[in-house]
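Please model the complete structure; the sequences and the hints are all you need to start from.
There are 2 protein chains.
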Amino acid sequence: MKFSVESVVIERLAPLLDGGRYPIKRIIGEDLEVEADVFKDGHDVVAAALLWRKEGSKNWHETPMQPLVNDRWAATCSFYDEATYEYTIQAWPDFFASWREEFVKKFKAGLENLWSEMLEGAALVEKAASLSGESDDKVQLLTLGQKMRAASPEEVFAMATSAELNGLMTAWPDKSLASTFPVYGRVRVQREKAAFAAWYEFFPRSAEGKPDSGSRFRDCLPRIDDAKRMGFDVIYFPPIHPIGETNRKGRNNSTTCEPGEPGVPYAIGSKHGGHKAVEPALGTLADFDWLVKEIQKRDMEIALDFAINCSPDHPYVAEHPDWFFKRPDGSIKYAENPPKKYEDVYPLNFHNPDWKALWQEMTDIILFWSKRGVRIFRVDNPHTKPVAFWEFLISEVHKKYPDVIFLSEAFTRPKMMRVLAKAGFTQSYTYFTWRNSKQELAEYFTELTETEMADYFQANLWPNTPDILPLFLQQGGRPAFLIRSTLAATLSPVWGMYSGFELCENAAVPGKEEYIDSEKYQFKGRDWDAPVNIKAHITALNRIRHENRALHEYRNLRFHRADNEHILFYSKVTKAADNILLIVVNLDPFHKHGAHVHVPLELCGLTASEMFQAHDLLSGERYLWHGPLNYVELDPHLRPAQILRIRRWAGKESDFDYFH
Amino acid sequence: MKFSVESVVIERLAPLLDGGRYPIKRIIGEDLEVEADVFKDGHDVVAAALLWRKEGSKNWHETPMQPLVNDRWAATCSFYDEATYEYTIQAWPDFFASWREEFVKKFKAGLENLWSEMLEGAALVEKAASLSGESDDKVQLLTLGQKMRAASPEEVFAMATSAELNGLMTAWPDKSLASTFPVYGRVRVQREKAAFAAWYEFFPRSAEGKPDSGSRFRDCLPRIDDAKRMGFDVIYFPPIHPIGETNRKGRNNSTTCEPGEPGVPYAIGSKHGGHKAVEPALGTLADFDWLVKEIQKRDMEIALDFAINCSPDHPYVAEHPDWFFKRPDGSIKYAENPPKKYEDVYPLNFHNPDWKALWQEMTDIILFWSKRGVRIFRVDNPHTKPVAFWEFLISEVHKKYPDVIFLSEAFTRPKMMRVLAKAGFTQSYTYFTWRNSKQELAEYFTELTETEMADYFQANLWPNTPDILPLFLQQGGRPAFLIRSTLAATLSPVWGMYSGFELCENAAVPGKEEYIDSEKYQFKGRDWDAPVNIKAHITALNRIRHENRALHEYRNLRFHRADNEHILFYSKVTKAADNILLIVVNLDPFHKHGAHVHVPLELCGLTASEMFQAHDLLSGERYLWHGPLNYVELDPHLRPAQILRIRRWAGKESDFDYFH
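So the sequences go chain by chain: A and B. Taking the numbering used here, the leading residue of the first sequence gets 390, the next gets one more, and so forth. Taking the numbering used here, the leading residue of the second sequence gets 390, the next gets one more, and so forth.
By construction, these hints were calculated from the structure, which means they are not laboratory data. Incorrect hints may have been included.
If several chains are the same, the list does not tell them apart, and a pair holds so long as it fits within one copy or across any two.
What the hints assert, rightly or not - 35 Å max Cα-Cα, derived DSBU-like pairs, lysine-lysine:
1) K443 to K804
2) K665 to K617
3) K745 to K447
4) K924 to K682
5) K964 to K804
6) K665 to K827
Here it is, written out as structure tokens:
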């Protein structure tokens, strides 16, 4: 029990993730609004400030807080470095404001003999002078104090209510009875790519689409240029490391492998090296370095896959046998999911006695590639390694490369997905891949973007992955691909697709959500310009995303009523309401649907009687709408979605240019 | 950033008040259910335990937790001392359970060659033996381990799934990779009187109801016996200390005082002493001690008022002038609420340079009376003193007298009322006094009893106080008194009334919620047995409270639907549903109202087709009810409320005795 003279109560600092255990996330320049309950016994006036600083720094920045209602106070700050910041609240009794309030009341009530009160005021002014160092303010405050001692009540009233004196007194507050909230909120500040990006995944060995041999790093530029034309800005490669030979898998995950088959890139490690080497069939490290530079030249970034899987041929097996699980006879254990066996992979034991060396080596892998210019990592199955390990690795990497972005590929239980985001993962895969109905989508995205999760969990939406070909895509034909890409590109500012999606590839292993003849196991022939492609639609989506700032934000998603169970209606609106998008998607890939949609007029800054323009950025068509109820009709074969930019009518002219 | 091998994630410990900053509250023997999210990477089986201990103790008690759903775990504990306890969660990978799960899967799948797995199992059993000290369990575990090394797969399967081995392995868990939640929840454990009591407040000088002279301590027994007959168990006195003479107030708060007028007991301190003395007009300290014993003999307790008000004659003024606020001329400041002046009271400065001595002296006042047998204090206006002061005082008092109960008389802003409860006040006055309509009552009591507040804020409900005669009582006549007392006595297990209520006194200062001719300022004549009295109703309420355990609980209040806006319908049901009360109150003191009430059958453990008995404990009448919809009719002049005890029909007999 502390024995302190604390005077102002500060409570319920928000945001405060798990009592400050984990940081929330913000982008450079983005607002962070901090709130707290601030109040004091008795009738004294209270003042409060938001304090923030880079973690490790000693000096706080300070912003005055403003009262909202019911003793809740708020202030906003933003950050300009990629770093972790901490913030808290300081509050104190404002003696001068309290004195002023009382003096003004007494003066206005015509009380006589305010001599004592005036001397008290003068003392407060002189106290401020003593706090003001050797500044000009000091001279001014001393002069005002002297003046107050000799002034009439009318003169003191004028001084007490003057902007001059109040400005000076606010600048030099007496914080002798200040309280500071003892728990600090934390925020990880990241570059914009962490929260606004479009990812394109392809296997470099499939770059040219040759059916019986693999492409090399030096062959990847055409595929990359195509992705660039579609508007993607992150090129993501599955593992590029040497592929194991022992128990190598064959096509369609066969346990036998024909000679010449390329193997699974996720079985990492061979005589050519481990996680810090590249598969010779793809080229050399120098080739890779060349490719990274080519990608950067195109104003794009590369993302690598970090899959902690070791083939029996991985150098670690010989160099660090203690890092693996062992059987009683001393042999190394392969992966199992009883009764299934995975004899091509040895799992690592993150709690082996030499765990510190293992954790450091894993960190060194990321540092190795970061040094070569890779600053985005997609992490394979992070939920099968300790959360404490990820927290260690990510914080160690950020010490040297604060700009590194980590994407968590955890398709697992909700709380594990969340804690990985808290522990440091920048972005996460989501259940979006399996959320197809209107209710499912609205419920899930309300949870993602409107609860506490929105402060730390950044969804990266994928309609497909090499591991997942959802039933909706298998069965819904081309419209399904239009629908799912539209949703992914607009429900979150970060989305990605696995190549082949643009070709509407949907041949599955019967009864499973897996691609048949998957390029995970074999070479794959493709015509990247096959006529069925939806590249124009993808290109339009990414263009619209770039041109509309409302789509750069995450927490501004709101769902609205549409009178048809197959039509999803949502908005993305900037804080200043200067970029307003209303999005309607027909979720049924088979049938045309129409619906009255209930436009959120207030959110859009529109009045009930106002005419406004709804400009479909996908088709280019423009509609004149009016009032809250308007009708849309969406044929999945022609146009399953509209992204309507709302423009208000400026002036009385009928010229469309006057909508802004 | 810690560099730890932690393995299991523990999150969202609940209850956890303000991150463990403040304790929640429980009664001796009462259940505390603790929950947390517990999960781990990968597929290992996890085990978890709730740990708790008295604050300051080194050893934890431990109870195994059970999984609920979605990685949420729970366990229950309870406490047997008046003390502050702390609790947290420990969790660890259960290597043996994980091994068992895998072994059973492989065995059932008919896998051959389980030799390696059996040796792993034996090693885990032998590890448990090494953890079991020199117990009998050690011998047994070593024997089982040896046996497993030589057994057949069938025999190992039988051992692995046996209660014997699993019981032993659970008793000696391997916690080498255990995580412990680093933040501790805290709980203040109190005696039952803290949460179940009926208070009766009277001014000892008014004990005999003489119009022109005061009663003394030795005259109080008849009034106390009357309160005892009405079922009250706490006798609460406004301040009993010497009353100031300087600027003494007269009747009806007049600033002039006639000779012989007794003064306001809240202007404390005279030449006869301060807060550790008694007003000579009431008797001596010896008389007071005698009265305390008489009250205790009657199985009741006394509560004293702790009002930190000093009259200009208080000994502190001479002994500790530094404790007061001073004007620039050195004179002591009286209380003000500009432009109003209160020249009979000097406020204390809790932040004066000698504040530690002041805070200690205030604490010593409570210790002084505690030593004389007073263990309940009603604290006047705590919200005008620093919260940190109360936290200090209460914790200091509890070190010596852990059974002391503090009631906060803070009618102020909601967050201040809450933080006083967090800082240590056992109970609080509430806004109940002004909540009259159905919606107001349901909303307010849902907040009090169903939100986080219910864990730390114990409402003590007062329909009136010497300072407040609500409009509802002024205007509603006798029915208003029946209605408000019924609500107070059943909406919370703690209620109180200020004497005169039982006589339906309702004469107010015109236009104000204050008693006219208040005994705060004068002697007051009364016939304590005036015919208008509602003592029989009060007596019935307190009897019903004592006989029904559902009314001893706070968090079991639930509101239900009644099809009339004037009829409030709520239930109080014990956890085991062995005491079920349905309460209906007509909130309109002027008119008869009827309503269909929607009985919460499931909560009552009733089926839709079942006949049951509703026994009105106020009138003694019994009704046969059936299904969810039943009708009530309440005439405020005859019977504004029913407290219906629900009895199920046992067997087929029609004899009412067979309802239980």
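Which numbered hints fail: 6
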